[in-house]
Every structure is written in structure tokens, then in C-alpha cells.
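Q: Whenever a hint applies, use it, and build me the whole structure from the sequences.
Which chain is which? The protein sequence lines are A and B, in order. Numbering of the first sequence is given in numbering that gives the first Met the number 0, commencing with residue 0 and proceeding in unit increments. Numbering of the second sequence is given in numbering that gives the first Met the number 0, commencing with residue 0 and proceeding in unit increments.
Honestly, the hints are just simulated from the structure, not real lab data. Keep in mind it's a predicted model, so treat the numbers as computed, not measured. Take these hints with a grain of salt, some might be off.
Where chains are identical, the list cannot tell them apart; a pair therefore holds if satisfied intra-copy or between any two copies.
Said to hold, decoys possible - No farther apart than 20 Å at their CA atoms in a straight line, the calculated lysine to any residue pairs in the SDA-like style are these:
| hint | residue 1 | residue 2 |
| --- | --- | --- |
| 1 | LYS101 | PRO27 |
| 2 | LYS81 | LEU67 |
| 3 | LYS101 | ALA246 |
| 4 | LYS450 | GLU237 |
| 5 | LYS278 | PRO76 |
| 6 | LYS340 | GLU77 |
| 7 | LYS37 | PRO76 |
| 8 | LYS274 | THR73 |
| 9 | LYS523 | ARG261 |
| 10 | LYS538 | THR439 |
| 11 | LYS460 | GLU522 |
| 12 | LYS81 | MET35 |
| 13 | LYS340 | TYR80 |
| 14 | LYS81 | ASP283 |
Here is how the chains run, residue by residue.
2 protein chains.
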Amino acid sequence: MRIASFFSFWRLRAAAHRLPEPAHVPRPVLSSGPDMPKQDARHPSEAYSRLKVRFRDVGRMSGVIEALGRDFLTAMPEGAYKSRLGQISFLFRRMHEDLIDKSVYEDLEEAINHETSFPGQWDEWDRANLREMEALYLQFCHVAPELWEKKASMSYEGRRVHREVLAANDWEAAKDFLQEQIDLHKAIASARRSARPRSSGNDSGHDGEDRSLYQYLLEEHMPGMTVAEVERLFDGYEKEIEQIIPAVLERQKKSQPPVPLRGHFAPEAQLWINKALLKVIGFDFSRGGLYETGHNPVEGGTPDDTRLVIKTADSRNFLDSMKSTLHEGGHGLYIQGLPRKEWRYQPVAADLGAMVQESQALLVEMIIGRMPEFFAFLSPRLEGLFQGIGDPDLQAGNLYALKTHVQPTVDRKNADEVTYFQHVLVRFYLERDLIEGRLTLDDLPDAWAEKMQKYIGVVPKTPAEGCLQDVHWFVGKFGYFPAYALGHMMAAQIYQAMERDFPDIRSQVLRGRFDQISTWLREKIHSQGRLIHYNALLKDITGEELSWKPLLTHIQRRYLKLS
Amino acid sequence: MRIASFFSFWRLRAAAHRLPEPAHVPRPVLSSGPDMPKQDARHPSEAYSRLKVRFRDVGRMSGVIEALGRDFLTAMPEGAYKSRLGQISFLFRRMHEDLIDKSVYEDLEEAINHETSFPGQWDEWDRANLREMEALYLQFCHVAPELWEKKASMSYEGRRVHREVLAANDWEAAKDFLQEQIDLHKAIASARRSARPRSSGNDSGHDGEDRSLYQYLLEEHMPGMTVAEVERLFDGYEKEIEQIIPAVLERQKKSQPPVPLRGHFAPEAQLWINKALLKVIGFDFSRGGLYETGHNPVEGGTPDDTRLVIKTADSRNFLDSMKSTLHEGGHGLYIQGLPRKEWRYQPVAADLGAMVQESQALLVEMIIGRMPEFFAFLSPRLEGLFQGIGDPDLQAGNLYALKTHVQPTVDRKNADEVTYFQHVLVRFYLERDLIEGRLTLDDLPDAWAEKMQKYIGVVPKTPAEGCLQDVHWFVGKFGYFPAYALGHMMAAQIYQAMERDFPDIRSQVLRGRFDQISTWLREKIHSQGRLIHYNALLKDITGEELSWKPLLTHIQRRYLKLS
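A: Printed below as a string of C-alpha cells:
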């Protein structure tokens with residue numbers, strides 16, 4: 000039953016009533032000023048100033064998506080799953096619409112012309128920012144928004160699907176979803192290719208430019224990287240490492256096996272030491288945190304809100320949660336070190352892609368985090384924390400032996416530092432063949448087993464040990480795997496340069512002093528955002544472009560005790 | 000130093016190169032189908048269908064803002080404060096731009112015409128939804144987006160400012176910020192007024208329609224409520240309650256004072272009982288949760304993701320965290336019960352405003368949550384949880400005495416159920432005078448003391464005990480306070496109807512059986528969203544429109560033991 004008098008209050012409509020027209024909404028504009036950060040400062044090119052405003056909004060939406068994504072894995076109740084997927088894909092659609100608005104296209108053209116005509120008015124950061132804006136536009140301009148929405152939604156759905164099929168060891172159930180992901184990413188890659196005019200010829204790659212579908216997926220994760228470059232580095236390294244692995248295993252047979260961890264390591268204590276180690280390496284807890292999840296570890300966020308998410312600790316083995324923490328911690332330092340004051344939300348302030356990200360993670364987790372000096376620092380503190388003074392499993396030498404034990408295994412996540420590369424190599428070959436249509440999902444399990452046998456000498460007994468183990472393809476990360484091995488190479492190359500710059504680096508690690516290390520990384524890498532290409536960066540820091548040789552040297556030193 | 004070959008890869012620009020134009024982005028459209036929820040179903044009016052798409056986006060953005068707001072108070076690191084403010088105000092700006100787009104104005108006009116011309120094609124839900132869309136448009140169409148952005152940003156900033164000035168007892172520091180909030184809200188109210196054409200005459204209110212600035216703020220929180228109606232209800236109730244308070248205090252002097260809580264009540268145990276009580280009243284933990292914060296309690300979210308946030312427990316007093324839990328729990332039941340399957344994200348699926356929200360919170364916290372039967376259910380379980388069988392402070396009678404003890408105090412948050420009304424009355428008068436310009440902030444402390452003396456008989460000794468105590472004005476909530484007292488009246492009126500419908504309600508509460516109660520609330524109130532005006536709802540449920548009489552009867556029964 001209705002109350003007419005109140006409804007006349009609500010419904011202000013008489014026969015002749017008209018709604019008021021809306022007020023005009025002016026677009027935000029930038030202004031000039033002496034201490035204004037570059038991100039907010041007006042530029043002589045009006046078109047570029049307008050682009051900065053637009054990309055600032057895109058960056059904000061990206062930051063919001065990051066926050067929703069972390070929350071998804073931690074505090075969000077299960078029943079909110081579907082609506083959260085809807086919110087995230089909705090934001091992606093909006094971001095996409097913003098990026099490919101006609102005015103972006105027009106402003107980019109105008110700004111590019113201005114840069115060409117008045118180069119003196121463009122410093123290197125503005126040039127780089129404009130270049131990154133252009134690259135983002137090209138990434139999206141021919142990809143239909145619904146494809147991107149689908150990609151976003153399926154990436155979160157994929158996490159859940161993967162958890163289910165892995166637990167159920169059900170390859171058949173996985174195939175349909177994976178096929179959908181493969182088809183979607185081939186469509187996205189194809190759309191990106193059509194946005195890129197050919198320098199000449201056709202798509203076969205014979206004109207020197209790689210126009211394979213896999214190339215377009217690879218470069219989304221690793222800007223500036225090519226499939227040919229991956230092949231060059233991988234071929235070179237594989238020839239060497241395949242000789243070294245037998246030598247390492249032989250040598251290892253002659254030493255005492257390490258003492259396995261025993262007893263109970265309370266999850267709260269693990270959480271404490273993990274947070275403490277993050278503080279030691281320089282992670283800023285006022286701008287980030289360590290959280291636990293039932294899902295796989297992940298990190299993400301913005302420089303002010305960097306959230307590292309690791310799996311809930313297993314009380315039988317503290318090295319697992321510590322490994323994840325160190326790995327995510329390396330990522331976290333990078334994110335926190337990005338140029339947030341001057342370039343927050345602008346494309347140039349992004350990290351340099353998956354390879355450089357993984358280089359930071361692996362530098363901390365594998366290179367530094369497995370040094371004898373690191374364990375010498377850690378061990379006495381563990382003796383106190385876990386109340387086991389003199390416990391054989393907690394001794395520095397034993398921890399070192401545990402973490403440098405080489406054991407070919409079917410499980411990539413638990414691979415040792417030496418055979419780590421092989422796991423990546425196998426996945427690189429297989430995912431490239433899947434995307435290029437040279438391999439079907441029906442044939443994948445056999446192809447997987449065949450390559451595992453060839454490169455690692457082990458064979459999975461179940462799909463869970465085989466092609467179901469990784470979440471990457473389920474969340475749509477094709478062209479990502481190479482980043483781990485390339486990042487490992489880059490980490491070793493960087494560490495070599497650090498050793499040259501601080502000859503006493505080992506004694507610093509021994510004393511738990513990371514400030515010089517983290518400052519060096521921040522100044523030389525993190526604070527550069529996307530200013531220059533990774534090879535220019537490496538040339539500046541190490542004297543040469545990316546090479547597999549420093550990693551080989553590192554492996555030989557650590558695992559064959561060669562100098 | 001740059002690597003030219005890679006830059007030619009990145010910079011695809013030759014002298015004659017042109018960027019590809021972007022692909023066309025079609026707007027999403029609705030479709031028809033037999034089991035399609037109303038929110039997604041196409042309607043004979045194309046304009047209304049377009050509006051549903053647009054408001055769905057607005058609803059999603061609102062859901063995202065809710066998630067970011069909860070995270071702000073719980074998991075977010077402190078250093079992300081500024082950038083989170085930026086993200087939230089950015090989303091508000093986008094939502095605002097969406098709401099006042101020219102096409103919304105045009106589609107509303109067209110849909111309204113369709114409804115007038117073809118009433119048979121509009122069921123009551125679609126009519127209500129259209130009406131709510133119109134109301135939202137009117138709320139925003141003349142408010143400049145930067146005002147709304149500022150409102151959003153200052154609401155979060157206000158939380159932090161309040162915490163600081165309250166801790167420092169610093170009224171002078173508070174005044175500037177409060178003045179900014181008052182000026183901002185006067186500007187917003189004024190803009191809203193200009194969107195509403197006068198029925199006749201001027202803004203003085205003599206034509207029967209209240210066009211005071213305070214009215215426009217009040218109705219944002221309580222749609223359909225008028226200042227005159229608030230005055231009518233408050234005047235009627237105040238005449239009675241001011242006689243009753245002395246009688247209650249007299250009667251209380253003759254009974255034993257309650258035994259204060261003593262000992263230690265572990266925060267983890269409190270968290271457990273609070274979660275357990277939420278489950279008892281029917282809160283669904285697959286679609287929500289209970290979280291702790293250092294800030295004031297708050298609730299919010301969407302029907303799938305309803306987060307109740309209470310202050311970290313004080314181990315000396317479990318009744319505080321329990322009170323907050325029950326209060327937020329009432330809010331939470333309402334949010335979870337909204338019509339999410341059929342009308343998710345549409346305006347008609349929103350709650351009926353602050354008064355009705357507070358009625359649900361106070362029904363659980365004060366009416367049901369302070370019944371002798373509730374304590375009889377609770378007490379033995381507390382004896383087990385806190386390990387104190389026979390402890391005098393935990394006895395049902397004692398808990399009842401503690402929670403129904405009447406004690407005039409300066410502190411609204413700890414006010415007893417009887418003098419609760421006076422606290423609201425004082426704030427109603429003062430905030431109205433502040434907004435209408437009849438009272439300045441310089442004069443507020445004296446005015447506050449004068450009214451506290453008049454209505455409650457106590458006087459604050461410091462600003463922290465006085466006008467600094469509430470967060471509401473700091474976060475921009477003007478026109479909200481009346482909702483507490485009106486909600487209390489509505490809660491008592493609803494409970495009266497429930498007693499009529501379930502004569503055995505007391506024995507249900509005694510046994511901890513709330514399913515009949517929560518089902519009744521969901522069917523009669525929560526699931527109705529904004530279908531009908533609150534007075535139509537009350538008429539349906541209780542037989543009469545909102546009245547202060549049921550609350551008076553309740554107070555007399557509980558505090559004077561009258562029937």
C-alpha cells in the first residue's frame with residue numbers, strides 16, 4: 000500500500016515537470032609549479048599533458064585492481080568470489096575503454112609530432128613515458144574489450160580451477176578450461192599483431208621481425224624481449240649446464256647427506272622470522288605487509304601498498320615459507336623502489352617486466368639467500384626462535400647443505416638451483432608449441448613426459464606431478480615461464496657486479512647488513528622504472544648485455560666449488 | 000646509453016608511420032530470457048534497459064569502493080593512506096560522471112514517458128527502480144564532481160583527523176577541519192536544492208516544502224524523511240521521556256548495584272563468542288566476516304561481501320566488543336538480506352537508509368540483545384568460555400543489570416538505552432544550527448555544554464568528553480544523528496509486531512533460536528530493498544506509521560517494570 004503524500008515528495012513529476020539538465024563536467028587539467036612532481040606537471044605539449052591525466056586514471060584503476068586482487072586471496076569471504084570477478088573485469092573494461100578512446104589516439108599522434116619537432120622540450124623521462132604510453136595503446140587498440148574482460152575474469156577463475164583439478168588430479172577436467180585460455184590468448188595475440196604494421200613481407204618472420212603469436216604474448220610480460228633472444232640464451236646455457244649436472248651429482252655423492260628438519264616449527268614463529276627477514280632486506284612495513292593465503296604465493300600492489308602473500312606455514316618445514324618470503328620479498332623491494340614520488344601512476348613508473356622482476360626475486364631468494372654467510376647469520380637466531388641450541392638440523396652448514404642439495408625432481412616449485420633451468424626450458428618449448436598450434440592439449444601429457452625425461456631424467460607418475468602442477472597457464476600466463484630462467488641469469492650477472500662494487504659483500508651478509516645492497520638495487524634498477532631497455536640497464540651496471548655466462552660461473556662456484 | 004636496435008623495436012615510428020586507429024567499443028546491452036534476473040533483463044523501454052546497464056556499472060563501482068573502504072580500516076598498511084584516498088575519490092568521480100552523463104538525463108526522461116504512457120508494462124519493482132534512479136540523478140546532477148570527490152576524500156581523512164584530535168583533546172586543531180566539512184556540505188546541500196524546482200514561492204519553507212539546507216543533508220541519509228517529521232517525533236517523545244528518566248533513576252536506587260566484570264577475558268575468546276553470536280542471529284560467514292580495527296566500529300559491503308569491523312577487544316570488558324558485534328550484526332543481516340539475486344547493483348536493491356539500518360542494528364543490540372532471556376542463553380556459555388562457573392559477574396541477572404543500568408553520562412557511545420535519546424536530541428539541534436548558520440564552531444562548546452546540562456544533567460569537563468567525541472561530523476555525516484533515535488523507535492515498533500506474530504518469541508531467544516526472527520526480518524524488510532517508503536513498510540508490518548509510542552512502552556516495561 001502506498002502513501003501518496005510521501006510519494007509526491009519522491010516523485011517530483013507533474014504533467015509539465017522536466018528533469019534538470021546535468022551540470023557540465025570539466026576534465027581535470029594539469030598545472031605548472033616549481034616543486035611539482037613530473038606526473039602532475041604541465042608540459043609544453045598540451046596533448047601530452049592530456050595523456051598524463053588520462054594515464055593517471057588508468058594507473059589508479061590498476062592500483063585499485065591490485066588491491067582487490069590481494070584482498071581476493073586473503074580477507075575476502077568465499078561467497079563473494081563471483082561478484083569480485085565481476086568487479087575486477089568491470090574495472091579492466093573501463094581501463095581498456097579509457098586506453099583506446101579516440102582522443103588517446105589523437106593525442107598520441109599530436110604528442111609524437113611535438114617530440115619530433117621540438118626535441119629540446121622533452122627530457123629523457125618524458126620521452127620514455129610517451130614511448131610507454133604508445134606501447135600500452137598498441138597493446139590494447141585492436142583487442143576487443145570483452146577479450147580483455149574475459150582475460151581478467153578467467154585469470155582469477157583459473158586460480159580456483161587449478162586448485163580444484165590439482166587436488167583431484169583430474170587432467171580431463173582441466174583440458175576444457177586450458178583450451179579456453181589458449182584460444183583466448185591466441186585471439187589476443189592475433190589482435191595485437193594486427194595493430195602492428197609489418198615492416199615488410201608477411202607474418203612468417205623471414206623479414207627479421209618475429210610475428211609469431213607467441214612473440215606477442217612473450218613481450219607483454221617482458222618488454223623488449225624476443226623469442227630469438229630467448230633461444231640464443233637458452234641454447235648457449237643448456238649446452239653447458241647439461242654437462243655440469245652429472246658432475247654436480249657425482250660430487251654430491253661424496254659428501255654427507257644433510258640432516259632433515261625435524262620437530263615442530265610453530266606457524267606464528269615462522270611468520271615472525273619471515274617478517275623479520277623482510278625488514279632485514281629493507282622491506283618497508285609502513286608501505287606493505289606479509290599476508291597468508293590458501294592459494295599459491297603471489298605479490299603485487301603499488302609502491303605504497305605492496306602486499307606479499309605466501310602460503311600458510313607448514314609447521315614441519317620452515318624453509319618453505321622462508322623461501323617464498325625471500326622470493327616475494329625481492330619482488331616487494333622492487334615495487335617499493337619504483338619512482339613513485341615523481342611518476343606515480345604513469346606508464347614509465349612501471350617495473351621493467353617479468354624477467355627483471357624475477358631477477359630481483361631470485362637475487363634475494365637464490366643468490367644471496369643461499370650463501371653460506373646468510374645461513375651463518377640466520378642459524379643462531381633460529382636456535383633461539385625455535386628453542387634448539389645445538390640442534391643439528393639448524394646448524395648453518397646443514398641449512399646450506401639442505402638448500403644447495405641438487406635433486407632432479409618432477410616438481411618445479413621444489414627444484415634445486417641447478418636443475419631449475421631445465422624445468423623452465425621444458426615449459427618454454429611446450430607452451431610455445433601449444434600457442435603456435437604445433438601441439439594439442441591431448442598430446443601434452445606425453446610431450447611433457449618426453450621432455451622431462453630428456454632434460455631432467457625424471458618422469459611424472461600422475462598429471463598432478465606433471466602438466467597440472469603449475470598455475471600459470473590456468474591464469475593465462477603464457478610467455479611468462481622464460482622469465483624465471485632469464486631472471487636467474489640476470490640475477491647472477493647483477494650479483495657479479497655487486498661483488499665488484501662491494502668487495503666486502505659477504506661480510507655484510509654475514510652480519511645481516513643489507514642496506515648497502517638494497518640501496519644499490521634501488522638506485523641502479525628500481526628507481527629507473529621503464530626509463531631504458533633492460534640491456535641498456537645491464538650494460539650500465541655490469542658492463543655487458545644479458546649473458547648466460549655469469550650464471551654458469553655462479554653454478555660452478557657454488558656447486559662444483561670452482562672459483 | 001641507448002641500444003638503437005631495440006628502440007626501433009619499441010618505437011615503431013618511421014617518418015611515414017601512423018598509429019592504428021582504435022577498434023570500436025560497443026556498449027553492453029541487456030538480453031531477454033526466461034530465468035533472467037530482473038537486473039539483467041531487457042525491458043520494453045529501451046531507455047530503461049540502457050539505464051539498467053549504466054546503473055549496474057554505478058553499483059559495481061560502489062561495491063568496489065566498499066571493498067576498498069573495509070580494507071582501508073583493516074589490512075591496508077598506514078603508508079598507503081594518501082594513495083588509497085586518491086583511489087577512492089577517483090572512483091567517486093567516475094561514478095559521479097557516469098550518473099550525470101547527458102545520456103542518463105535523456106534516458107530518464109524517455110523512460111519516465113514510457114512509464115506514463117504504458118503503465119501496464121511496468122511492475123512495481125521496475126517502477127520503484129526507475130524512481131530510485133531518478134532520485135540518485137537528482138542527488139548528483141547539480142553537484143560538481145570535485146565537491147563529491149572532496150567529500151569522499153575528506154570522509155576518510157576525517158577518520159584519521161578525528162582520531163588525532165580526540166587523542167590530543169585538541170578542539171582548536173579540530174575546528175579548521177570541521178569548518179571545511181561544514182562549508183563543503185552546505186555547498187552540496189545548496190547544489191541539490193538548486194536541482195529541485197520549487198513547487199511555489201521561495202526557499203523559506205512557508206510553502207509547505209522544506210527547502211532548508213539541513214533537509215537536503217537529512218534526506219541523503221534517510222530518504223523520505225523530513226525535518227518536520229523528525230521534530231514531530233522527537234517533541235512527542237521528549238515530553239514523555241523527560242518525566243520518565245527521574246522515575247527510572249529513583250527506582251534503580253532501590254536495587255542492588257550490578258557486580259562489575261572482573262578478571263581477564265582473552266581477546267581471542269571474545270572474538271570467538273562474537274563470531275558465534277553472529278552465527279546464532281543468522282549472519283552468513285560464507286558471505287561476510289568479522290574483522291578488527293584500531294578505528295571505530297563500522298560495517299559495510301555488498302550482500303556477498305559484508306564486512307563487520309569492530310574495535311580490537313579490551314580484555315577487561317567483553318561486553319563492549321559484544322555490543323559492537325551485535326550492533327554491526329544487525330546491520331550485517333540487513334545487507335546480506337537485500338535482494339541480490341534479482342536486483343544486484345540496481346538502485347532499488349539498496350537499503351532504505353540510515354534510520355531503517357539503525358533500526359535493524361538496535362533491534363539486535365538493544366531490544367533483543369538486552370532481554371533477560373538473551374542473557375539467560377548467554378550466561379552459562381560464558382561460564383564455560385571464560386572458565387568461571389558460578390562467577391557472580393557472569394550470572395544472567397547480573398549481565399542484565401549491567402546492560403540495563405541507567406547512568407546519565409557525557410559519553411554517547413556508552414549511553415544507556417533510556418538516555419540514548421537525549422544524546423541524539425542534543426546533536427540534532429546542534430548540527431542543524433551549525434548547517435543553517437545559526438551557530439558557529441566558536442560557540443559550539445558552550446552550546447554543547449548548555450544542552451547537555453538541560454537534557455541529560457551532565458557537563459563535559461574536556462572537549463574530548465564533549466564535542467570531540469563523535470566521528471560523524473569529521474567524516475561529513477551531517478543529518479545522520481537523528482537516525483539513531485528514529486531507528487530506536489522503529490526497532491521497538493517492529494519488535495511489538497514480532498511479539499504479536501510469535502507469541503513465544505521470548506522462549507525462542509532463551510533457547511538461542513533466531514531463525515524465525517531473522518527469516519521474518521528478511522522477508523518483511525531486508526528483501527524489500529527500496530520498493531516502498533518506510534512508512535508504507537511499517538503500516539504493512541505493524542498496522543501504523545512510525546510512532547514514538549512503542550519505544551515509550553518498551554522503556555516503561557523494561558525500566559519501570561510496567562506492563
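Q: Give a verdict on every hint.
A: Results for each hint:
no., hint, verdict
1, LYS101 to PRO27, "both (18 Å within a copy, 19 Å between copies)"
2, LYS81 to LEU67, "both (13 Å within a copy, 17 Å between copies)"
3, LYS101 to ALA246, "neither (60 Å within a copy, 73 Å between copies)"
4, LYS450 to GLU237, "within (14 Å within a copy, 83 Å between copies)"
5, LYS278 to PRO76, "between (30 Å within a copy, 15 Å between copies)"
6, LYS340 to GLU77, "between (36 Å within a copy, 17 Å between copies)"
7, LYS37 to PRO76, "neither (40 Å within a copy, 25 Å between copies)"
8, LYS274 to THR73, "both (17 Å within a copy, 18 Å between copies)"
9, LYS523 to ARG261, "neither (41 Å within a copy, 59 Å between copies)"
10, LYS538 to THR439, "neither (40 Å within a copy, 66 Å between copies)"
11, LYS460 to GLU522, "neither (47 Å within a copy, 54 Å between copies)"
12, LYS81 to MET35, "between (42 Å within a copy, 17 Å between copies)"
13, LYS340 to TYR80, "between (34 Å within a copy, 15 Å between copies)"
14, LYS81 to ASP283, "between (33 Å within a copy, 16 Å between copies)"
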